[in-house]
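Since chain P is already given, all that's left is putting chain W on it; use the hints.
Number of protein chains: 2
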Amino acid sequence: MLIIGEKINASNKSVGQAINNKDREFLEGLARDQAAAGADFIDVNAGVGQGAWEHPEAAMEWLVELVQAATDKPLTIDSDVPGVIEAALRKYSGDDVMINSVSAEPEKLEAVGPLAVERQASLVALAMGRGRIPDNVEERLAACDEIMTYLTRLGLREDQVFFDPLVLPIAVDTTQGLVTLKTIEQIKSRYPTAKTVMGLSNISYGLPQRGMVNRAFLLMAASAGLDAAILDPLDAKMMSFVRVADMLTGKDLSCKGYIRAHRKGMLLE
Amino acid sequence: MLIIGEKINASNKSVGQAINNKDREFLEGLARDQAAAGADFIDVNAGVGQGAWEHPEAAMEWLVELVQAATDKPLTIDSDVPGVIEAALRKYSGDDVMINSVSAEPEKLEAVGPLAVERQASLVALAMGRGRIPDNVEERLAACDEIMTYLTRLGLREDQVFFDPLVLPIAVDTTQGLVTLKTIEQIKSRYPTAKTVMGLSNISYGLPQRGMVNRAFLLMAASAGLDAAILDPLDAKMMSFVRVADMLTGKDLSCKGYIRAHRKGMLLE
Chain P
0 MLIIGEKINA SNKSVGQAIN NKDREFLEGL ARDQAAAGAD FIDVNAGVGQ GAWEHPEAAM
60 EWLVELVQAA TDKPLTIDSD VPGVIEAALR KYSGDDVMIN SVSAEPEKLE AVGPLAVERQ
120 ASLVALAMGR GRIPDNVEER LAACDEIMTY LTRLGLREDQ VFFDPLVLPI AVDTTQGLVT
180 LKTIEQIKSR YPTAKTVMGL SNISYGLPQR GMVNRAFLLM AASAGLDAAI LDPLDAKMMS
240 FVRVADMLTG KDLSCKGYIR AHRKGMLLE
Chain W
0 MLIIGEKINA SNKSVGQAIN NKDREFLEGL ARDQAAAGAD FIDVNAGVGQ GAWEHPEAAM
60 EWLVELVQAA TDKPLTIDSD VPGVIEAALR KYSGDDVMIN SVSAEPEKLE AVGPLAVERQ
120 ASLVALAMGR GRIPDNVEER LAACDEIMTY LTRLGLREDQ VFFDPLVLPI AVDTTQGLVT
180 LKTIEQIKSR YPTAKTVMGL SNISYGLPQR GMVNRAFLLM AASAGLDAAI LDPLDAKMMS
240 FVRVADMLTG KDLSCKGYIR AHRKGMLLE
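These protein sequence lines are chains P and W, in that order.
According to numbering that gives the first Met the number 0, the stretch in the first sequence is residues 0 to 268, in order.
According to numbering that gives the first Met the number 0, the stretch in the second sequence is residues 0 to 268, in order.
What the hints contain is simulated information worked out from the structure, not anything from laboratory work.
Each hint should be verified, as a subset may be incorrect.
Identical copies look the same in the list; a pair holds intra-copy or inter-copy alike.
[Claimed, not checked] Okay, derived cross-link-like pairs now, DSBU-like style, lysine-lysine, Cα gap no bigger than 30 Å in a straight line:
| no. | residue 1 | residue 2 |
| --- | --- | --- |
| 1 | K263 | K236 |
| 2 | K236 | K255 |
| 3 | K181 | K236 |
| 4 | K255 | K12 |
| 5 | K181 | K250 |
| 6 | K187 | K12 |
| 7 | K107 | K181 |
| 8 | K21 | K250 |
| 9 | K187 | K250 |
| 10 | K250 | K236 |
| 11 | K250 | K107 |
| 12 | K12 | K236 |
| 13 | K250 | K263 |
| 14 | K21 | K181 |
This is chain P alone, in the form it adopts within the complex (with noise of 0.2 Å):
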């Protein structure tokens, strides 16, 4: 499993107060902590640009060549605003990059399509068109459609696209990790060099012990053929349960990384 950092979000309290306030040494030691958990990605999100900044664009900028300089882990490009995202390739010299996010709205995907092309990024992109995520597989299927069809023309490749196949809270509607997993399914089955990504922790909204769903639900998914996880590498169960998934989905030849994990003391119950 491919695991995508999260923590370095805006959305999260302390890291939008650190960002405001140009905290380097914070933001440096999450890039740095992510990475050294196993993150393979580190997701990059600077929020709209408060604080000492007068510009979203501004702040990305800054805080790609933060974390750039912290880590040599790849970044994942995390803004809803097109000029952010192309500002931030802009200051990151990888050569290996991940844009989040696009969708089926053909204006997101004509700002960013062509910014994923000319840098040949990995592009999330997200199972859905304008307004609320479906409650089905087709419509989201549709979505991914409409997406491949776009982004291929365009110039991308199949293999760089990772399609989220979104999840909605199971205590909303008890079939909707169904959903999501046959969603997961369908694609890997309609696009076999395609890759899915996803975020978990929608599918314990408003449910108590959440942490012990996410876990179930990553192992379910990671069944279903998830390739890749937007998660926080600090989390140990979680990276334990990460772990033990790729063992029992064939990706840890051997059983290598799980006997380490445990002689380390790294599995975590």
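What follows is chain W alone, placed relative to chain P:
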């Protein structure tokens, strides 16, 4: 998930001794405790008839009578010996009963199949023929086809058959997790009203921290369509994940079971 409590099995040393010594109290306690912890069926395996017992049939008859008196849960009659199954069924007065197990071996089907039909019992059927467990999906499905053809001709309904997809240790062959999950999916697709059932612990054989591997595999199997599991219902962590699995696969209406378990402090992470 239908839970078959596995604890009353003579291959467990303390249980074997209790059977040999006719220790009623210990065995009654195991039956009651499993029922209280959420077992839907109580598996009963009296072993080969040692200690106080001259015949395995006599040990099984005694044990069936004892467990039946201790709980109102239905029993799973667990033996390799058709004569022992027959003796147990004669002694057992409940309507609902499960037999564990047959395979595609003709002599097993011929001996146990008619007992299941006569009693209209559910029947656990191992996805294998004679000899070793097949290491691939195709041979396991071929065994299922032979079994289903035989049993339905004999007069058993498809929904009375509980196929065990079988699982080989992931430490020996890292493809075996996916082989088992794929076998479950294929069985459910071929025989939509048939059930699937599995013991989990074989998956983690030879590995450290086996509990978390078993729990993880339960979640994956649940999302592949597993209907029933043979496990220790006194394992509170495992039972917590059973509840989460039921919720995430849409079997827990309005998440009521999960929330009730949380309020009772029963969800152990």
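Check each numbered hint from earlier against the structure, then list the numbers of those it violates in ascending order.
Hint check: 4, 6, 8, 11 and 14 fail, others pass.
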